[in-house]
Amino acid sequence: MYTYDEHDRTFVAERVAQFRDQVKRRLLGELTEEQFKPLRLTNGLYLQLHAYMLRVAIPYGTLSSAQMRMLAHIARRYDRGYGHFTTRQNIQFNWIKLEDAADALDDLASVEMHALQTSGNCIRNTTADQWAGVAIDEIEDPRIWCEIIRQWSSLHPEFTFLPRKFKIAVTGSPNDRAAVRVHDIGLRLRRDEKGEVGFEVIVGGGLGRTPMIGKTIREFLPKRHLLSYLEAILRAYNLAGRRDNLYKARIKILVHEIGVEEMRRRVEAEWAAIRDGALDLPPQTIDAISRHFSPPAYEPQPAVDLAVERLRLESVSFARWLKTNVAPHREPGYAIVNLSLKPEGAPPGDASAAQMEAVADLALAHSHDEIRVSHEQNLVLPHVKRADLPTLWRKLAAIDLATPNLGLVSDIIACPGLDYCALANARSIPVAQRITRRFADLKRQHDIGELKIKISGCINACGHHHVGHIGILGVDKNGEEFYQITLGGDGTETTALGRIIGPAVSADDVVDAIETLVETYLQKRRPGERFVDTYRRVGDAPFKERLYAAA
Amino acid sequence: MPLLKDGRLVEDPWRIIDDASPLPAREPTIVSFARFQAERDQLLARGAPLGVRLRNSDAIDALAGAIDRLDLIALEFPKFSDGRAYSQARGLRERLGFAGELRATGDVLIDQALFMRRCGFDAWEIADAAKAPRFVEAFATFSVFYQPAGDGRAAVSALRRFASAGRA
Numbered sequence: 364m365y366t367y368d369e370h371d372r373t374f375v376a377e378r379v380a381q382f383r384d385q386v387k388r389r390l391l392g393e394l395t396e397e398q399f400k401p402l403r404l405t406n407g408l409y410l411q412l413h414a415y416m417l418r419v420a421i422p423y424g425t426l427s428s429a430q431m432r433m434l435a436h437i438a439r440r441y442d443r444g445y446g447h448f449t450t451r452q453n454i455q456f457n458w459i460k461l462e463d464a465a466d467a468l469d470d471l472a473s474v475e476m477h478a479l480q481t482s483g484n485c486i487r488n489t490t491a492d493q494w495a496g497v498a499i500d501e502i503e504d505p506r507i508w509c510e511i512i513r514q515w516s517s518l519h520p521e522f523t524f525l526p527r528k529f530k531i532a533v534t535g536s537p538n539d540r541a542a543v544r545v546h547d548i549g550l551r552l553r554r555d556e557k558g559e560v561g562f563e564v565i566v567g568g569g570l571g572r573t574p575m576i577g578k579t580i581r582e583f584l585p586k587r588h589l590l591s592y593l594e595a596i597l598r599a600y601n602l603a604g605r606r607d608n609l610y611k612a613r614i615k616i617l618v619h620e621i622g623v624e625e626m627r628r629r630v631e632a633e634w635a636a637i638r639d640g641a642l643d644l645p646p647q648t649i650d651a652i653s654r655h656f657s658p659p660a661y662e663p664q665p666a667v668d669l670a671v672e673r674l675r676l677e678s679v680s681f682a683r684w685l686k687t688n689v690a691p692h693r694e695p696g697y698a699i700v701n702l703s704l705k706p707e708g709a710p711p712g713d714a715s716a717a718q719m720e721a722v723a724d725l726a727l728a729h730s731h732d733e734i735r736v737s738h739e740q741n742l743v744l745p746h747v748k749r750a751d752l753p754t755l756w757r758k759l760a761a762i763d764l765a766t767p768n769l770g771l772v773s774d775i776i777a778c779p780g781l782d783y784c785a786l787a788n789a790r791s792i793p794v795a796q797r798i799t800r801r802f803a804d805l806k807r808q809h810d811i812g813e814l815k816i817k818i819s820g821c822i823n824a825c826g827h828h829h830v831g832h833i834g835i836l837g838v839d840k841n842g843e844e845f846y847q848i849t850l851g852g853d854g855t856e857t858t859a860l861g862r863i864i865g866p867a868v869s870a871d872d873v874v875d876a877i878e879t880l881v882e883t884y885l886q887k888r889r890p891g892e893r894f895v896d897t898y899r900r901v902g903d904a905p906f907k908e909r910l911y912a913a914a
Numbered sequence: 149m150p151l152l153k154d155g156r157l158v159e160d161p162w163r164i165i166d167d168a169s170p171l172p173a174r175e176p177t178i179v180s181f182a183r184f185q186a187e188r189d190q191l192l193a194r195g196a197p198l199g200v201r202l203r204n205s206d207a208i209d210a211l212a213g214a215i216d217r218l219d220l221i222a223l224e225f226p227k228f229s230d231g232r233a234y235s236q237a238r239g240l241r242e243r244l245g246f247a248g249e250l251r252a253t254g255d256v257l258i259d260q261a262l263f264m265r266r267c268g269f270d271a272w273e274i275a276d277a278a279k280a281p282r283f284v285e286a287f288a289t290f291s292v293f294y295q296p297a298g299d300g301r302a303a304v305s306a307l308r309r310f311a312s313a314g315r316a
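Chains as they are written, first to last, in the numbering used here: chain C, 364 to 914; chain L, 149 to 316.
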């Protein structure tokens, strides 16, 4: 894991002191709310429906036990005893008082955390594959690059007042678990024909009200040039991105309006002028950051663990959990364990302070002190001995974090929606809760197989509904909550945007509608087909017919 | 407008001349980018200090051929949240090598002052002279910088390399 040095510690301390002064000036009336807003936003503080919300950065989703324990402390001390893990691998606390915000940031700084640039029109937390460093299909650990980007983008003087927010994601594997094609910039580590590792650079993806799939602007960028190339893209965007219309200000609109060829021309021209300058990344800088992400000291393990195999046969629950929640690890005898934050009836992504503390203890005992947060709003213990799986499973079950539903119908992504958010048109969380209750039968869930449902409470698409196999978008119809359904979205390496299947359905009907779609799939599917595969083969028609025939 | 430069309030020797008015003979004069483009040769031949004021939508490359003969470039922040002038400033300093006064005008606030300085600004037109000391304090808010920019300060990565080379 990355650990702060003296520079990092000084920086974060100076940042908190600066924010404390800004809050003081706001409370004294020296700053107007308009002037204060971007300052609090770049410190992660939003004004929501009921209170201030603090969004804490979890860089590329990696946490130590001590950091997780601090999040529990923040939840208890400054909030109502829980937190909400987000689709950007961050955590949000929904009930913060403005007067307490700087104290909370001080507490976070004590464990090398901050809320820097989790909001505002700046470069946000760079996200990565939650299995970084341990996935079997990985070319190189993307977190090295996320950390390099985190440092470069921290209070970047030129890019703190961009036309709009800016999100970067990095994947180190050909199987994309970081949704890089729906980010402002997506970086995909790849090898060129000589075997050298570099980046495919993708720009102009995004969701929101105008979803777009990112376009490849450069097939292969040598690693040492990463920052100069990013700076060239950001500069082209900062100068030419639209500032006349909030809804057209993201880089995707610029790329769409001028075309990817013209965007490439501008970026390459800027890059030519700066590529060999001070942003060049010499090997020793890359190596120094890489060393922070060296694998932990794994111990030799037996090839087959009989206790695991025995329990697999004896317990159907354990067998199901192994199937969905445990993934293969690059180190023999180890496993990646995914913790579901989607038990039946719970708000997706929420964790109580007690759960956070328990996870911190489990990470210390079973996962080399390391925890990950996934963009699908679950947690991961990345370094677990297979021999520990039975014990760990029992401990997780005791704190309701062993629901065997990763990737299944109840593993729903949902934004906070109208329960919390000032922008929402409709509630998201209750819809997710009702779906998980309808499909509570785990045998049925496992029979349905992989199915990604994603729910957004408004067109800003924080719940990523455009890339859900089934997407659900809350809309307001004359003061009533309605839900528009899309099918066929995909946020992985085969990125696709879902298509609207027909008229929106009422809040009362939405769960029945989802069940009808699932039943249609079960009737039509061929062996081995996931929901999205069947949809791609048969198209809209059978789903549409079944869904709207009754109406 | 009070002018902050070299860490203190100074007398502003420059006059802004609108596009329709004749130029004064000797005084340091700031003209618009449009006028500069239209009357470039006469302006450069005038033999008195010359400054140009750019809007934040103007392309700085048009100044490339004359950059050494300009004494001042003024950039605009129509709203503090419109950050285009940061990129213009860095382009002027780092790519075109502009060495004269780079002046921030418009919605120039304390909380953005350090960003401006890092991008290469060295003069600020501020609305309230009484706030000048707060601007100067704001320049010292941070001692650690993670990226190279237009002010020539060493970034953390360079300091770390230097430190590890020292140990080796």
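Just to be clear, a hint being listed does not mean it is correct.
[What the hints assert, rightly or not] Here are the computed lysine-lysine pairs in the DSSO-like style, where the Cα-Cα straight-line distance is at most 30 Å:
1. L:K153 <-> C:K460
2. C:K686 <-> C:K887
3. L:K279 <-> C:K586
4. C:K748 <-> C:K528
5. C:K400 <-> C:K460
6. C:K400 <-> L:K279
7. L:K279 <-> C:K840
8. C:K806 <-> L:K279
9. C:K748 <-> C:K758
10. C:K460 <-> L:K227
11. L:K153 <-> C:K758
12. L:K227 <-> C:K611
[Stated by the list, open to error] Listed next, with one range per pair, are the computed distances between beta-carbon atoms:
13. L:D230 <-> C:G902: 30 to 36 Å
14. L:S312 <-> C:I502: 43 to 49 Å
15. L:G155 <-> C:E393: 17 to 23 Å
16. L:K227 <-> C:N823: 20 to 26 Å
17. L:G245 <-> C:G902: 58 to 64 Å
18. C:T373 <-> L:G300: 17 to 23 Å
19. L:D230 <-> C:A651: 24 to 30 Å
[Said to hold, decoys possible] Some chain L residues judged to face chain C by a derived CB distance under 7 Å, without partners named:
20. R156
21. F181
22. Q185
23. R238
24. S305
Hints are computed from structural coordinates only; laboratory data are not their basis. On a predicted model such as this, the values are computed, not experimentally measured, just so you know. Every residue gets a Cβ at the ideal spot worked out from N, C-alpha and C, and that includes glycine.
Against the structure, the hints come out as follows:
As the CA atoms of K153 (chain L) and K460 (chain C) are separated by approximately 39 Å, the hinted pair breaks the 30 Å bound. A hinted pair counts as satisfied when its Cα atoms are at most 30 Å apart, and K686 (chain C) with K887 (chain C) qualifies at roughly 24 Å. For the given pair, K279 (chain L) sits about 45 Å from K586 (chain C) by alpha-carbon distance, which is inconsistent with the 30 Å threshold. Straight-line distance between C-alpha atoms of K748 (chain C) and K528 (chain C) comes to about 40 Å, which puts the hinted pair past the 30 Å bound.
Restraint check: the Cα-Cα separation between K400 (chain C) and K460 (chain C) comes to about 15 Å, which is no more than 30 Å; the hinted pair holds. Annotation: proposed proximity of K400 (chain C) to K279 (chain L) holds, straight-line Cα distance about 20 Å (limit 30 Å). A C-alpha spacing of about 50 Å is found between K279 (chain L) and K840 (chain C), which places the hinted pair above 30 Å, so the restraint is violated. The suggested pairing of K806 (chain C) with K279 (chain L) is violated, with an alpha-carbon distance near 68 Å, which exceeds 30 Å.
This hinted pair checks out: K748 (chain C) and K758 (chain C) have alpha carbons roughly 15 Å apart, not beyond 30 Å. For the suggested pair K460 (chain C) and K227 (chain L), the alpha carbons sit about 29 Å apart, so the restraint of at most 30 Å is met. With a C-alpha separation of about 64 Å, the suggested pair K153 (chain L) and K758 (chain C) falls outside the 30 Å cut-off, and the hint is violated. A distance of roughly 18 Å separates the Cα atoms of K227 (chain L) and K611 (chain C); the hinted pair therefore holds under the 30 Å criterion.
Distance hint check: the CB atoms of D230 (chain L) and G902 (chain C) are about 46 Å apart, inconsistent with the given range 30 to 36 Å. The hinted window of 43 to 49 Å between S312 (chain L) and I502 (chain C) is violated, with their beta carbons roughly 27 Å apart. For G155 (chain L) and E393 (chain C), the Cβ-Cβ distance of about 22 Å falls inside the hinted range of 17 to 23 Å, so the restraint holds. For the hinted restraint 20 to 26 Å between K227 (chain L) and N823 (chain C), the CB-CB distance of approximately 23 Å keeps it satisfied.
Between G245 (chain L) and G902 (chain C), the C-beta spacing of about 59 Å keeps the proposed range 58 to 64 Å intact. Checked against the hint of 17 to 23 Å, the C-beta distance between T373 (chain C) and G300 (chain L) comes to roughly 20 Å, which is consistent with it. For the hinted restraint 24 to 30 Å between D230 (chain L) and A651 (chain C), the CB-CB distance of approximately 37 Å leaves it violated. The criterion of a C-beta within 7 Å of any C-beta in chain C is not met by R156 (chain L), whose closest approach is roughly 22 Å, and the hint is violated.
A distance limit of 7 Å between C-beta atoms decides the matter here; for F181 (chain L) the minimum to chain C is near 15 Å, and the interface restraint is violated. Interface restraint check: Q185 (chain L) against chain C, minimum CB-CB distance 19 Å, threshold 7 Å, status violated. For R238 (chain L), the shortest C-beta to C-beta distance to chain C is roughly 6 Å, which falls under 7 Å, so the interface hint holds. Interface restraint check for S305 (chain L): the shortest CB-CB distance to chain C comes to about 5 Å, inside 7 Å, so the restraint holds.
The structure does not agree with the numbered hints 1, 3, 4, 7, 8, 11, 13, 14, 19, 20, 21, 22 stated previously, though it agrees with the rest.
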